[in-house]
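Novice: One letter stands for each residue in the lines below.
Number of protein chains: 2
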Amino acid sequence: MSQRFSHRLLLTLLFLTPLGLSAQEAKDPISESGFVKEFGTMWTFDAPPLAYWKAAYDFTPDQAWLDHVRLSAVRIPGCSASVVSDQGLVMTNHHCARSCITAVSTDEVNYQATGFVAARQEDEPRCAGMTADQLQSMEDVTAKVRQAVTARGTEERVAQRDAAIQQIQDECAAATGLICQVVTFYQGGMYSLYRYKRFQDLRLVMAPEEEISFFGGDPDNFTYPRYDLDVTFLRIYDNGRPLLAEHFLRWNAQGAKEGDAVFVVGNPGSTGRMLTLAQMEYLRDVQYPNQLAQIAALIRAYRSLAEQSPAAARQYENNIFSLENAQKAIRGYWSGLTNPEIMARKQAFEGEFRRRVNGQPDLRSRYARAWDAIAAAQRQFAAGDAESRYQSFGGSTLLGLAGNLALLPAQAALPDDRRLPAFRGEGIDRVRAQLLRDRPFDTEQEVALLAAQLGLLQENLPATDPVVRAALQGQAPDAAARRLVEGTRVNTLAMRKELLDGGSAAVTASDDPFIVLARVIAPLATRHGMRQAQLNTTISANAELMGQAIFAAYGTALPPDATFTLRISDGVVKGFPMNGTIAPYRTSFYGLFGRNAEFDDQPPFHLPDRWKMALGRLDLTTPVDFVSTADIIGGNSGSPLVNRQGEVVGVAFDGNIEMLPNRFIFTDEVSRTVSVHTAAITEALKKVYGAERIAAELERAAIR
Amino acid sequence: MSQRFSHRLLLTLLFLTPLGLSAQEAKDPISESGFVKEFGTMWTFDAPPLAYWKAAYDFTPDQAWLDHVRLSAVRIPGCSASVVSDQGLVMTNHHCARSCITAVSTDEVNYQATGFVAARQEDEPRCAGMTADQLQSMEDVTAKVRQAVTARGTEERVAQRDAAIQQIQDECAAATGLICQVVTFYQGGMYSLYRYKRFQDLRLVMAPEEEISFFGGDPDNFTYPRYDLDVTFLRIYDNGRPLLAEHFLRWNAQGAKEGDAVFVVGNPGSTGRMLTLAQMEYLRDVQYPNQLAQIAALIRAYRSLAEQSPAAARQYENNIFSLENAQKAIRGYWSGLTNPEIMARKQAFEGEFRRRVNGQPDLRSRYARAWDAIAAAQRQFAAGDAESRYQSFGGSTLLGLAGNLALLPAQAALPDDRRLPAFRGEGIDRVRAQLLRDRPFDTEQEVALLAAQLGLLQENLPATDPVVRAALQGQAPDAAARRLVEGTRVNTLAMRKELLDGGSAAVTASDDPFIVLARVIAPLATRHGMRQAQLNTTISANAELMGQAIFAAYGTALPPDATFTLRISDGVVKGFPMNGTIAPYRTSFYGLFGRNAEFDDQPPFHLPDRWKMALGRLDLTTPVDFVSTADIIGGNSGSPLVNRQGEVVGVAFDGNIEMLPNRFIFTDEVSRTVSVHTAAITEALKKVYGAERIAAELERAAIR
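Each protein sequence line maps, in turn, to chains H and G.
When you line the first sequence up against the numbering used here, it's residues 1 to 704, in that order.
When you line the second sequence up against the numbering used here, it's residues 1 to 704, in that order.
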């Protein structure tokens, strides 16, 4: 089974860039409230945007409402979730509970395939390793952290800061017994101490079949209209008994309808909305086009492998799907960055912000140089891109092993802080362990992937390049790859041990074709790696200044970039223009059975038998999934959608493909959060899964 | 009810441009057969591409197959159709029979709303004015036409050619009693005499409700997935009795399935695939952007009118829909021309073709200058675009009337061939009749539309422009428009009569604000009009050379541009990548009821009661619409889709939005023909309309 790319945190982009108010927006009551649309709506609970909510929705929640939804939300590994009954029932996405569903499966029954319903409470099996964190409180500790940083040198300052953060966390944990985490907002503009109560006994209550939770599979992933029942119920146990939850979201089985305001309470993982224009241009012009070229080459390689037989087709299907999903995602991000309108907005904001900083002498002296410093570093990255990308050990497992064998003796001889990042600290032990792990290699796959890499090498570097010469030796990429792979012994553990034990002398003496090539690449790759590490340090340091500047200029009026901590995002349930027509605000079971029929019941549009048998009982007009303008990203999977009354009306599980550019600049014309509708869940529990016990528990919770 | 833009012939583009074979294509057996994909597959019946069909589908129809499908097809006004029973039953689109359905409606019953089913043959009402033309034969008359053209001057040559064509047509009609038309292919590269048998007694047999035939309305127009039962049955009567048809398509109630080869037999109206690169660049850079700006201004004007009251909203709804559809269409065409990949292909083909012409001395001397002559004329068009577009009487009915009043005396005094094109021949009488037609004017609408036009004028011409000065007199467009409209009497028949009768003197003496403005515009507009007429003559003459050149270089291996004459296009039933996922090859009744539910049963997604009542009887998995890679354009509406066995498997009614760029360069990666599936028609006839008589007639036809 391939993984769902939308929910992984692909990039950790922690740099900041601020946006200003344009004259036109300033006339608007929503903008007057300090709201800047392009930053999105991932609000922290200690800075709820009350004036903006009042202007946008005529909605002014009191502190009790905010506390209630915060304490009803829980964070689970990699995902979000919510408590939905006084018996500790927890709702999240099916794809967030996958490891649990797999773990509780037996040799006889695979609950991913069959679904799972615990008939009685005592039949709810434990999910090993699953935890749920409930955010108890937040405290601004910026001053404490800052006070501890007194040194002048960058590295010492970083060490002081990290020590101060560790101390705050340790003291908090000792005093409260809670999980304590200092969260860095605005890349150092603000530090907050987040205290969580952690529940460690979660059990599986109900999970639908993967076929219905991920209906439409990889093709429909990231898209809308969707028909997925991507939901799973867990239960928090406390001292071996269901948690008597003080805070839980009441179940609204009617769910959301078009035009309703909704609030998503969850943990968005990572956004890059505060990147500078220079950083976005680098992604647009250098990084993403090159990544797309590499992915395309890999897809071609796997396709050619898959074409060799039906067995090969099955074997490589998941690699191809996974790469295609990566391609979909990066193309989506890239489409935002290549949209002149979006980039013009970004440019306008950056101009306004720079004027603001330059207009105040104290800000100017501290921050004004940061943009140019980042831009200069990005230019250096761009200038050396082809060399550092291809004078490397990437793209082939065997070449990677040969590279580590060649690098290790020299790296081990250096002091830690002069090594390549991958060889620092415990890294060097990981490298050794990887070299000593015995594993089989598929020759054809190795040849195909190396040939793809050599093809890119040939395209991107001149024929006179030393790596091009050493790798190709005048041959075409295919032939060169075959020569290397078939001529090497790096694929044997014996050979790798021999070289490891023999150290530098053994590497120098080796005539293994991969080691010979690695000796050519090693000094070049080392130089590139050290240079990149230095540029990254420059960018990080200046991005931290940038974050401080934005916080100084705008405060919490702009929500910080996502940090996989609890946020509340707002939006409206709303269809959108799509491909010349209108995508409806919600789908239906009719639509589900339609898409199933239209693909002739074939995977990934196949429906489980239980659904076919339930057909006559279902109200086919029931909403299945629905869309809203709320602002989410990977990590938000499983977040509840809450209405004004604090009731749950849905569970978020994906964004539409039009949402991908939101990673950098938020827009809501066509980007949408996709959620499972509570009406679908209620209908399915009762009429498909015979899970009356759970439906009744939700209904009791609704009227409490 | 708004009209369906996709089926009107928006543009008559009769210029030619040829495409060459790239080296890569030449390796492909399909390309070796002479097929050049970018020209599409609108084949004439006298040059069926047998080698290409053999290579593409392993299909080699014999002459009997070709004759059979040709003689089973009929052309009806503006559309295509086919005979589908031995009793002269004719199938076409509902939207092609609209005038008939409206005409046979009564004061009590509107069959557009209710649908119509003739219970017995004697209940089939006559469709006044409806004809059906059956193509009997084609004859190449190029030599005859060419022989008649002996003069040297362009205008004399045109007159000789037209006279020769008229003579051929007249002689044919006298000899055969058939409808005879000489069709100009390749813009004069080839002339063919088409002989049709015309049937003049067509009657209405069965029409569904407009709500189901145009389900999804304007939003879904041009798009896919679709759920339209866009079909109507007529019957040809001969001597007052149903035609005993010798040729008819057998009904295949299973219809098409994914991967099937299908052939569309119908009358595509107009394509511009043989335009030169310079002509396409003019459309891309000048004409379409300006048309889009004008449409956007009109939409804004109608929206502001519509906002004034619910009654106004209803009144202007159709204007807005119609403009939005025009916008959708032009944006679609434009998207092809602004696609660098598509344009690069075009450029490559033009280069190859020019080399081919330059490589043969006889071709070179006759044709090599034509490209540059066209490009020069297009440059002149582009240079004068803003002036000729806005120093004009366009955009306002009242300004148009004032313009004709101001122009008429001078135009009438000139010899015919020195007049503006609109005033030549019978044109001048039409202008007079239009001025003398009594009609009401809506002041607010006139103000809004004129203000939109004046806004564009102000944006596109300098403030010192004489028309800008005379029209705006320093006011904003809104105020100027109100001053003009409220101050004029051109809206009264009395005033227009007075000015017509008074001639030049009355026009000169008038102080009516519109007439004063028209006196400023008239000499400028006259100059632009004469200049444009001259440029058009240059382009036409050179485009004719271009057509001769392509025919000389490639022959009938490239299908000619569409001419609203019978063609056979081929394709495969096939889904396509859409918005990140896959559009299925066909839709279903499940999907229909889904889209109905998802828009809460609201128009244009409302379903007729008859459909709701039939729900329990319908097999909801039945295919409704399906897509194929066949090549169609406006005029193909109602064309049958025929399988290898010559059976009918569907009726074409639209293209998807991705098909719009095909007007200029054919591609089939995502562009698709959308057709009603015969299974849906059979199911609906039996289970929704109780039209067992017709279903049985089709079934009898299937087994004959």
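Everything labelled a hint here was simulated from the structure, so no lab data went into it.
There could be a bad hint or two in this list.
No copy labels: a pair is met if it fits in one copy or bridges any two.
Said to hold, decoys possible - Straight-line Cα separation of at most 27 Å, DSS-like style, residue types lysine-lysine; simulated pairs:
1) K37 with K574
2) K686 with K37
3) K686 with K54
4) K54 with K37
5) K686 with K612
6) K37 with K144
7) K328 with K612
8) K574 with K328
9) K686 with K144
10) K687 with K144
11) K328 with K686
12) K54 with K257
13) K612 with K687
14) K257 with K686
15) K144 with K257
Nothing here was measured: the structure is a model prediction, and the numbers come from that model.
Novice: Give a verdict on every hint.
Specialist: Hints versus structure:
When the C-alpha separation of K37 and K574 is checked against a cutoff of 27 Å, the pair qualifies only within one copy, where the shortest distance is 17 Å, while the shortest distance between copies is 41 Å. In this homomeric assembly, K686 and K37 never come within 27 Å of each other (Cα to Cα): the closest approach is 41 Å inside a single copy and 54 Å across copies. Taking the shortest alpha-carbon separations for K686 and K54, neither the intra-copy value of 38 Å nor the inter-copy value of 56 Å comes in at or below 27 Å. In this homomeric assembly, K54 and K37 come within 27 Å of each other (Cα to Cα) only inside a single copy, at 15 Å, whereas the closest approach across copies is 58 Å.
Taking the closest pair of Cα atoms, K686 and K612 come within 27 Å of each other both inside a single copy (15 Å) and across two copies (26 Å). In this assembly of identical chains, the alpha carbons of K37 and K144 never lie at most 27 Å apart, being 32 Å within a copy and 70 Å across copies at closest. In the homo-oligomer, the alpha carbons of K328 and K612 never lie at most 27 Å apart, since the shortest distance is 32 Å inside one protomer and 39 Å across protomers. When the C-alpha separation of K574 and K328 is checked against a cutoff of 27 Å, the pair qualifies both within a copy, at 24 Å, and between copies, at 22 Å.
For the identical chains of this complex, K686 and K144 are neighbours neither inside a copy (53 Å) nor across copies (79 Å), given an alpha-carbon limit of 27 Å. For the identical chains of this complex, K687 and K144 are neighbours neither inside a copy (56 Å) nor across copies (76 Å), given an alpha-carbon limit of 27 Å. For the identical chains of this complex, K328 and K686 are neighbours neither inside a copy (36 Å) nor across copies (44 Å), given an alpha-carbon limit of 27 Å. For the identical chains of this complex, K54 and K257 are intra-copy neighbours only, at 20 Å inside a copy versus 54 Å across copies, given an alpha-carbon limit of 27 Å.
Taking identical chains as interchangeable, the C-alpha atoms of K612 and K687 lie at most 27 Å apart whether they share a chain (11 Å) or sit on different chains (23 Å). Taking the closest pair of Cα atoms, K257 and K686 come within 27 Å of each other only inside a single copy of the chain (22 Å); across copies the shortest separation is 36 Å, beyond that limit. In this homomeric assembly, K144 and K257 never come within 27 Å of each other (Cα to Cα): the closest approach is 46 Å inside a single copy and 70 Å across copies.
Going down the numbered hints, you'll see the structure goes against 2, 3, 6, 7, 9, 10, 11 and 15, while the others check out.
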